[in-house]
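4 protein chains.
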Amino acid sequence: MPEQTIQTLRRQIDEINLQILELLNKRAAIASEIGRLQTELGVQLYDPQREAEMLNALQLANQGPFSNDVVKHLFKEIFKASLALEEREARAKIIVQRKAPNDTTVITLPDGTQIGNGSFEVIAGACAVESFEQMDAVGALLAEEGVKIMRGMAFKPRTSPYDFQGLGENGLKIARQVANKYGLVVVSEIMDASQIPMMSDYVDIFWVGARNMQNSFLLKALGKVRQPVILKRHFSATLKELIYSAEYIAAGGNTQIILMERGIRTFNEETRNTLDIGAVPLLKMETHLPVIVDISHSAGRRDLAIPFGRIAKASGADGLMVEVHPNPAVAMSDAKQQLYFDQFKKLMVEVRATARPERAF
Amino acid sequence: MPEQTIQTLRRQIDEINLQILELLNKRAAIASEIGRLQTELGVQLYDPQREAEMLNALQLANQGPFSNDVVKHLFKEIFKASLALEEREARAKIIVQRKAPNDTTVITLPDGTQIGNGSFEVIAGACAVESFEQMDAVGALLAEEGVKIMRGMAFKPRTSPYDFQGLGENGLKIARQVANKYGLVVVSEIMDASQIPMMSDYVDIFWVGARNMQNSFLLKALGKVRQPVILKRHFSATLKELIYSAEYIAAGGNTQIILMERGIRTFNEETRNTLDIGAVPLLKMETHLPVIVDISHSAGRRDLAIPFGRIAKASGADGLMVEVHPNPAVAMSDAKQQLYFDQFKKLMVEVRATARPERAF
Amino acid sequence: MPEQTIQTLRRQIDEINLQILELLNKRAAIASEIGRLQTELGVQLYDPQREAEMLNALQLANQGPFSNDVVKHLFKEIFKASLALEEREARAKIIVQRKAPNDTTVITLPDGTQIGNGSFEVIAGACAVESFEQMDAVGALLAEEGVKIMRGMAFKPRTSPYDFQGLGENGLKIARQVANKYGLVVVSEIMDASQIPMMSDYVDIFWVGARNMQNSFLLKALGKVRQPVILKRHFSATLKELIYSAEYIAAGGNTQIILMERGIRTFNEETRNTLDIGAVPLLKMETHLPVIVDISHSAGRRDLAIPFGRIAKASGADGLMVEVHPNPAVAMSDAKQQLYFDQFKKLMVEVRATARPERAF
Amino acid sequence: MPEQTIQTLRRQIDEINLQILELLNKRAAIASEIGRLQTELGVQLYDPQREAEMLNALQLANQGPFSNDVVKHLFKEIFKASLALEEREARAKIIVQRKAPNDTTVITLPDGTQIGNGSFEVIAGACAVESFEQMDAVGALLAEEGVKIMRGMAFKPRTSPYDFQGLGENGLKIARQVANKYGLVVVSEIMDASQIPMMSDYVDIFWVGARNMQNSFLLKALGKVRQPVILKRHFSATLKELIYSAEYIAAGGNTQIILMERGIRTFNEETRNTLDIGAVPLLKMETHLPVIVDISHSAGRRDLAIPFGRIAKASGADGLMVEVHPNPAVAMSDAKQQLYFDQFKKLMVEVRATARPERAF
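Chains as they are written, first to last, in the working numbering: chain A, 5 to 365; chain B, 5 to 365; chain C, 5 to 365; chain D, 5 to 365.
If you're looking for bench data, these hints aren't it; they were derived computationally from the structure.
Careful, some of the hints might be misleading.
Because identical chains share one entry, a pair is satisfied inside a single copy or across any pair of copies.
EDC-like, lysine to aspartate or glutamate: derived pairs with alpha carbons at most 20 Å apart [what the hints assert, rightly or not]:
#1 80 / 7
#2 349 / 273
#3 76 / 7
#4 349 / 55
#5 76 / 57
#6 84 / 346
#7 80 / 19
#8 244 / 307
#9 185 / 137
#10 84 / 73
#11 84 / 37
#12 350 / 81
#13 228 / 107
#14 84 / 205
#15 185 / 149
#16 30 / 205
#17 84 / 338
#18 185 / 167
#19 185 / 19
#20 185 / 173
#21 30 / 73
#22 185 / 273
#23 30 / 19
#24 76 / 354
#25 103 / 290
#26 103 / 18
#27 30 / 81
#28 228 / 354
#29 340 / 107
#30 340 / 37
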């Protein structure tokens, strides 16, 4: 008997479901119309005061069995859904978000090298520019290995104000000179919007470091430059935060953005950070931007470079970044993670031998 | 004009809101009745197959403007709210959950000491029982300081199988002997359900260590003992996980449970763990159980014991746990965090001088 | 002039360096001999009391310029190095530690399948045994895809005592029956040492879940069984903790251990856990045990299974574990992460297409 | 017999210890002299090339039983200790570091209010300046409660470029006007060095937000202003990183720095961040700067404000920061954590009732 009663009651619920559905859609259509009018008036769509009033009215009217809290919760969900509908057009404006499965941003560098077109590009070089000799050795190595993009870091964000802060503009000059000699492209870290004019003379790709990932003044300024920007994930940023940081740049007009996964801060002790390789397929799902993997800072130790290089390529990333130095033992920064030249050559062999999947996800 | 139209449309929405509200409550009442019948039949309340069918029907009927995804999302929220209502009675069975503002579990120990009655109890002693002399020194100190509850750890969970694993039953004998001599209560860690009968001869309070916080076999077995249980939070457990682990014990019939916050594993480098003092008010909000703070393992260094002791008391906790050893430098485990006797005395002075608030939240 | 003086002073330092070196080695040889004698006497090598006395003597004798703290620190390092030397033989007893580059544990299952021999094995099946029909469908799928090892989980560790806890021995019977029908090997989670005799009748591989990774009673008991053991990393365990947990099993006599990386708990929001793929090369460097990757619990969402499968194989792991269910939407646990059958088939295609490197590091 | 031999061997070790000690100190004195000469020459003290050469020489000379790795490790420790000695003077230049137990920076605000002198100051106000009416209501409340320092946030760092970014200079005008009306001091967040001149007209204390904690360009620029600076810990920064960020400001000449603990990003789900209260005593141990606790962002929920306020004061902090809004439900940001006025009044009662310890550690 109870089974039959349950069947009857379930049919009643089915009917109520459809009635609620109808009302929800009717409500949504009206809310949409209001949104259209508000947009005409230049009024913000989200109106918390109005929501508070509606919730009050509903709570006064509520007879149960749902408690006021539940009613409030359910209607907040309905409000959110309506708002989302109203904002659909607005949302279409989230520039970096993937809108179609094959949506892809391809970045073309001055020498014709492309990132995001299905190839796997290696970005390499010393942690910091230290001298012409050091950079010249690195440049020759990259040219020999067919690597096109060279690190030319002249401003180093450091934890301590007393640590080596980079050679500044002199470092950029060295990097440019070496790059020109070997036909390479220079990527260099920018730390403040005020550096843009000067750096633009030397640099092909701007690099935003982890510590500046949410420096919105800098991001907005980079929305106005013509060079591509590598945006490095902060070691504690969620993917949502990284994507919105990219949006700060894109909103300014520059959509030539490359996202970089670089390891996150966790309890792990064996590595400097923890490579969050899942970020590659997730960022590819959510955005149409190229994604590369920093295999140096994620590990913080050179004996992981080869496995991390293989993993990066198998993950569907568009490239990797690795530090290499003619004499890592005496490097002025990041001595433990920069590769020796012979290690770098082995890395390149292994990376070339690894297949890149057609899609990351 | 648009302002007027917006006003008109908003009144329409207000009406629809009320209609939806009425239907939601009607639906909830029927769902509740189904839940009652299902409970009679001994059928699980949550029926994902039925939900899948309802969602299918709604998606077939949906004409927009809400997308099927939005419809699915909103109805899942409605289902959840209904299920929550159906489970209200079931939820009333979550034994450890606070049901009223003044709900309080007070635990009375064999010597009459109470935990959870508004006082602030100190649990202290060496990390491990090492010898009679060591324990005797500690026992004398506790008696002198008016501390009632002594650590008597004879089974030590250790990372390495080759580290000191405790003195076993001999350690328990020593602890009992010293406790009897000084009129103290013994708390001791249990690692496996099979130890219950033997340990029951020596131990006044069972202690479940972090590593066993989700050992459901052990928790269930402790649901059957007459002694209180201190349940230590795993260093990576959410509060929800800790509360459900307490529920495993309570479900077996033993509600004499003391929760222990002991620091969580984070990126912090200066301390062994990170004291999550917010857990005290949160656990007190959610449950009616006493909550104590382990100021030794959270810090992992003795120079933080005094500030942590003050903080623990000001947080509204029911007590603290601290390690003290006659000669920490030669302790067989946790040498860096066990207090010297004079430090312990200073700690007691500072803790007595700190006010305990009437309520934790 | 100062440059010359610096040169002279440096030569003096070079000489002193060599004198210190000589004394250090002389000291080490004597300490070694003491260690040998202590081992004969059955005395523990580490003697904190003796260290304390030596440090006291040194501090009394110290005239600077090094402060007593520095002297203490340097001699503690020397003590540690000496102790390490004394323990070299003891260390050789850390059974699971890799001792030579080609050191490899190969595990042979009852049907002849091998793990750790360079192949890449897939372990698959539903999160939990729910019914014969469900398991039969899974078994047929595995047989069709050439998968040899089937999940047959009958005891489910759950956060809440009121969640589905598995079918118990009946579940094992079903798993065994289906495995026999399709020529599969059964792996099943054990939660307490007391289950060993009963489970041994049904199970080919024991599985220790994350919550029991440091349950030393269970680990020690599994050191005595003849079946291989999969040891799953706790989501907050360091690699060192995982390796020592394996050592608990190995120390009991069972070295047939498979380590499983399964994602760690971080701040990431998009996934249930964060796949720590770096654990694969690191565990391979440190131990000679096979390492597999759980691509279901690390992601907690089925749309990441294919990229994670590729990544796992490219990392040099010895296999992967994945959950698959005939109807994930109605699964009694882990509904969001179990694969549909067609997804599983696609995963197998992609995994077969990915190359496994000869070495993980 | 072996016991006697052990005694004899131990006496030999005691002698060698003293010889090593003597050589170490002799070595240190020479290294110190080299350091003095290098400082005269303007040469960096740390010379990795020289270290590499010394290690090579030692490894060539090493006859064992210590392995070359151990020798390398021990000498690296000796080098580090020598370098530390050489840098002792340099270290004396770490401006923010505590040098004596009673070292204290006291900051005096324009109205004479002092922070760091043993009192407990409350900083309060809305998350953002939204309107004159809103700020006027807050100002009146603060004046009534005797609070001296008001939030006047006009530039809001936001995750999304499309979220409310603050009222800009108009917001600062409102804040200044309200502050003048009620005799309050204004603290306001600065996001870029270029804002300093404009903001200086309105603001009594600059606030560096978490996202800019390692923006060295901004920090250096704030080293040149006359106003005090509140430096908020990034939610993932170690204490060392925070202290060095303060040093960037101090190195520029401005030592009027207040450190702010504000909760760290962990796996906890119940709170926005996890209040790391241990940071208060640790920062006080390490620096002489005032430390305050942000009880709003650490919890992210207003029902924890009162316990967190009590805890902050008991921890020995110099003050707390809390958000309060006339109508939190409609606030343009952080709606869930801003206090209602009556909650704020209750918080003030509880905070006044809590004793502040004389010392944090």
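Okay, the hints, checked on the actual structure:
Taking the shortest alpha-carbon separations for residue 80 and residue 7, neither the intra-copy value of 35 Å nor the inter-copy value of 24 Å comes in at or below 20 Å. In the homo-oligomer, the alpha carbons of residue 349 and residue 273 never lie at most 20 Å apart, since the shortest distance is 28 Å inside one protomer and 36 Å across protomers. Proximity of residue 76 to residue 7 under the C-alpha cut-off of 20 Å is found in neither arrangement, the shortest distances being 33 Å within a copy and 27 Å between copies. Taking the shortest Cα distances, residue 349 and residue 55 never come within 20 Å of each other, neither inside one copy (62 Å) nor across copies (27 Å).
Proximity of residue 76 and residue 57 under a CA criterion of 20 Å is satisfied intra-copy only: 11 Å inside one chain copy versus 27 Å between copies. In the homo-oligomer, the alpha carbons of residue 84 and residue 346 never lie at most 20 Å apart, since the shortest distance is 56 Å inside one protomer and 29 Å across protomers. In this assembly of identical chains, the alpha carbons of residue 80 and residue 19 lie at most 20 Å apart only when taken from different copies (16 Å versus 23 Å within one copy). Taking the closest pair of Cα atoms, residue 244 and residue 307 come within 20 Å of each other only across two copies (18 Å); inside a single copy the shortest separation is 31 Å, beyond that limit.
In this assembly of identical chains, the alpha carbons of residue 185 and residue 137 lie at most 20 Å apart only when taken from the same copy (13 Å versus 64 Å across copies). In the homo-oligomer, the alpha carbons of residue 84 and residue 73 lie at most 20 Å apart both inside one protomer (16 Å) and across protomers (13 Å), since each shortest distance falls under that limit. Taking identical chains as interchangeable, the C-alpha atoms of residue 84 and residue 37 lie at most 20 Å apart only when both belong to the same chain, with a minimum of 16 Å there against 30 Å between chains. In this assembly of identical chains, the alpha carbons of residue 350 and residue 81 never lie at most 20 Å apart, being 54 Å within a copy and 32 Å across copies at closest.
Taking the closest pair of Cα atoms, residue 228 and residue 107 never come within 20 Å of each other, the shortest separation being 23 Å inside a single copy and 48 Å across copies. In this assembly of identical chains, residue 84 and residue 205 lie within 20 Å of each other by CA distance neither inside one copy nor across copies; the values are 47 Å within and 41 Å between. Within a single copy, residue 185 and residue 149 get their C-alpha atoms as close as 15 Å, which meets the 20 Å cut-off; across copies the closest is 54 Å, which misses it. Taking identical chains as interchangeable, the C-alpha atoms of residue 30 and residue 205 are never at most 20 Å apart, the minima being 58 Å within one chain and 53 Å between chains.
When the C-alpha separation of residue 84 and residue 338 is checked against a cutoff of 20 Å, the pair qualifies only between copies, where the shortest distance is 17 Å, while the shortest distance within a copy is 47 Å. In this homomeric assembly, residue 185 and residue 167 never come within 20 Å of each other (Cα to Cα): the closest approach is 30 Å inside a single copy and 46 Å across copies. Taking identical chains as interchangeable, the C-alpha atoms of residue 185 and residue 19 are never at most 20 Å apart, the minima being 76 Å within one chain and 45 Å between chains. In the homo-oligomer, the alpha carbons of residue 185 and residue 173 lie at most 20 Å apart inside one protomer (18 Å), although the nearest pairing across protomers, at 49 Å, exceeds that limit.
When the C-alpha separation of residue 30 and residue 73 is checked against a cutoff of 20 Å, the pair qualifies only between copies, where the shortest distance is 17 Å, while the shortest distance within a copy is 24 Å. Taking CA atoms no more than 20 Å apart as the test, residue 185 paired with residue 273 passes in neither setting, with 41 Å inside one copy and 45 Å between copies. Within a single copy, residue 30 and residue 19 get their C-alpha atoms as close as 17 Å, and across copies as close as 11 Å, so both meet the 20 Å cut-off. Taking the shortest Cα distances, residue 76 and residue 354 never come within 20 Å of each other, neither inside one copy (57 Å) nor across copies (31 Å).
Taking identical chains as interchangeable, the C-alpha atoms of residue 103 and residue 290 lie at most 20 Å apart only when both belong to the same chain, with a minimum of 9 Å there against 43 Å between chains. Within a single copy, residue 103 and residue 18 get their C-alpha atoms no closer than 35 Å, and across copies no closer than 34 Å, so neither meets the 20 Å cut-off. Proximity of residue 30 to residue 81 under the C-alpha cut-off of 20 Å is found in both arrangements, the shortest distances being 16 Å within a copy and 19 Å between copies. Neither within a single protomer nor between protomers do residue 228 and residue 354 lie at most 20 Å apart by alpha-carbon distance, with minima of 38 Å and 41 Å respectively.
For the homomeric pair residue 340 and residue 107, neither the shortest alpha-carbon distance inside one copy (39 Å) nor that between copies (27 Å) is at most 20 Å. Taking CA atoms no more than 20 Å apart as the test, residue 340 paired with residue 37 passes in neither setting, with 60 Å inside one copy and 29 Å between copies.
Hints 1, 2, 3, 4, 6, 12, 13, 14, 16, 18, 19, 22, 24, 26, 28, 29 and 30 from the earlier list are contradicted by this structure; the remaining hints agree with it.
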